[in-house]
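Visitor: Residues in the sequence shown are numbered consecutively from -14, following the numbering used here.
Since the hints were derived computationally from the structure, they do not count as laboratory data. Fair warning: this is a prediction, and the values are worked out from it, not measured in the lab. Quick reminder that beta carbons are idealized off the backbone N, C-alpha and C, glycines included. Among the clues, some could well be false.
Said to hold, decoys possible - Below 30 Å or equal to it, Euclidean Cα-Cα: the simulated DSS-like pairs (lysine-lysine) are:
| id | residue 1 | residue 2 |
| --- | --- | --- |
| 1 | Lys143 | Lys276 |
| 2 | Lys223 | Lys189 |
| 3 | Lys65 | Lys(-10) |
As the list claims (entries may be wrong) - Label pairs and their calculated CB-CB ranges:
| id | residue 1 | residue 2 | range |
| --- | --- | --- | --- |
| 4 | Ser17 | Arg123 | 18 to 26 Å |
| 5 | Asn105 | Arg258 | 25 to 33 Å |
| 6 | Asn231 | Met296 | 45 to 53 Å |
| 7 | Ser68 | Gln368 | 35 to 43 Å |
| 8 | Ile86 | Phe127 | 18 to 26 Å |
| 9 | Ser68 | Ile23 | 53 to 61 Å |
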Amino acid sequence: MHEGKIIKFYRERAQLTQDQLGLGICSDTHISKIERGITDYSQEVLDLLCLRLGISMDCELAKFSSIKKRLYDWHDAIVKQLSADMESIKAELEQEALLQISEYETFYLLLQAKYLLQRNEPEMALRIINRVRKTAERLPDFESNLLKHVEGIYHLSKQNHVEAIATLKTINDKEYNNPEYFHHLAMAYHTMRSEVMAYFYAEKARNFFKEINCFLRVIDAEMLMLIQVQDDPQHDFKEVIARFENLIQSCDMCNAPDRKAKVIHNLAYEYLRRKDYLKASSFYKQSMELKNPRTLPYLLSLEGYLRSCFMGSLLQTEELERLAQAGLTGAKALKDQVFILLFTMLLLLISGKEAEYYQYMNDEALPVYRKFGYMYLIRRSEQQLFHYYARTGNTEAALRMGHYLIQDQDIL
């Protein structure tokens, strides 16, 4: 069956007509039937056609049969986030010309999209997703569910968390043997501040990552689980801190500084929310030191560091302003609207412009947070505005913010 596809592929690559390829060997009609797999042919004819095309059919068939295995190898490397393996298999597959005539071309395209999303290139991934969507109704079960998974990851990358959840929950477990998608569901629920659902799916993801011995992803899932219990009165704070410290040790054992930076950042937030500004600022600074200053994760830790230092009076005003301005410059360079808002507000706060700070928060920042569904920032802003309006005697505005807070709680 594959022999005909291979003959056609190399004939077209050599820019030969069927008549030219068959000259002195067989008729163009016979070539057509061979390529379509609807006729028998002798080994002698096949050997002569391969000789004219300059190929070895045995070698081509061996490459053809290995495509499926290498695609699944790439899939596993992407799931486990093994960068070196991902890149080497990707380069190998890009050199495999027969991919485009195999039945696994769609699988390859979807893995490309997933790879691009992991590399934070959502627009390029979307072009592939749109291409695959055109044949979605004819996809095999696995590819159909992989498409939903990739679409869910894309929605997550664009902060469309409600759509991400709706898409990921249509995946059929029996047809799609890749529970990794539980982690993406957990991330979406976490951003929506739905702690119970986030913990539930993060635990399922952690169990899967343990089964496949992927300790880097186990760290990701356990950190996500740990974040969800921060408000649970049944969890002692000392126990929570101990679990963070264990995760940091796991990161060191796995030589994973990027994950260590995330764990330390979340540990810093635990101290910030408990108003231990000295420890919070220390851990935020440690997280920053593990990150590239020209990235959004660095800006996230910088914002936490500045907020801790300001609230704890740990730095001089001039130094706070200098760092906040550097953060704003970085946010503008990265063209990130949310961080531009955050650092603009920090500059207002640091310079003592309280009224302007809250006005900007209400008029500029909060509508953007609501537009993109940043539940943490929405809740934080609404709480700050509620207390500010109540403190300054603006009862009507305070009641309005209180109403929003109740509505948000009902949604969660």
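Visitor: Hinted pair, alpha-carbon criterion (30 Å max): Lys223, Lys189. Please report holds or violated.
Guide: holds, 25 Å
Visitor: That 45 to 53 Å hint for Asn231 and Met296 (C-beta), does it hold up?
Guide: violated, 28 Å
Visitor: Using the Cβ atoms, figure out if Ser68 sits within 35 to 43 Å of Gln368.
Guide: holds, 40 Å
Visitor: Would the hint linking Lys65 and Lys(-10) be met if the CA-CA limit is 30 Å?
Guide: violated, 34 Å
Visitor: Between Ser17 and Arg123, does the C-beta distance stay in 18 to 26 Å?
Guide: Holds, since Ser17 and Arg123 (Cβ atoms, about 25 Å apart) stay within the stated range.
Visitor: When you check the alpha-carbon spacing of Lys143 and Lys276, does it fall within 30 Å?
Guide: Within the cut-off at roughly 22 Å; holds.
Visitor: Given the range 25 to 33 Å, decide if the beta-carbon distance of Asn105 to Arg258 lies inside it.
Guide: For Asn105 and Arg258 the Cβ distance comes to about 28 Å; the hint holds.
Visitor: Is 18 to 26 Å a correct range for the gap between the Cβ atoms of Ile86 and Phe127?
Guide: At 20 Å between Cβs, range holds.
Visitor: Look at the Cβ atoms of Ser68 and Ile23 and judge whether their distance stays inside 53 to 61 Å.
Guide: violated, 45 Å
The structure is inconsistent with the numbered hints 3, 6, 9, although it conforms to all the rest.
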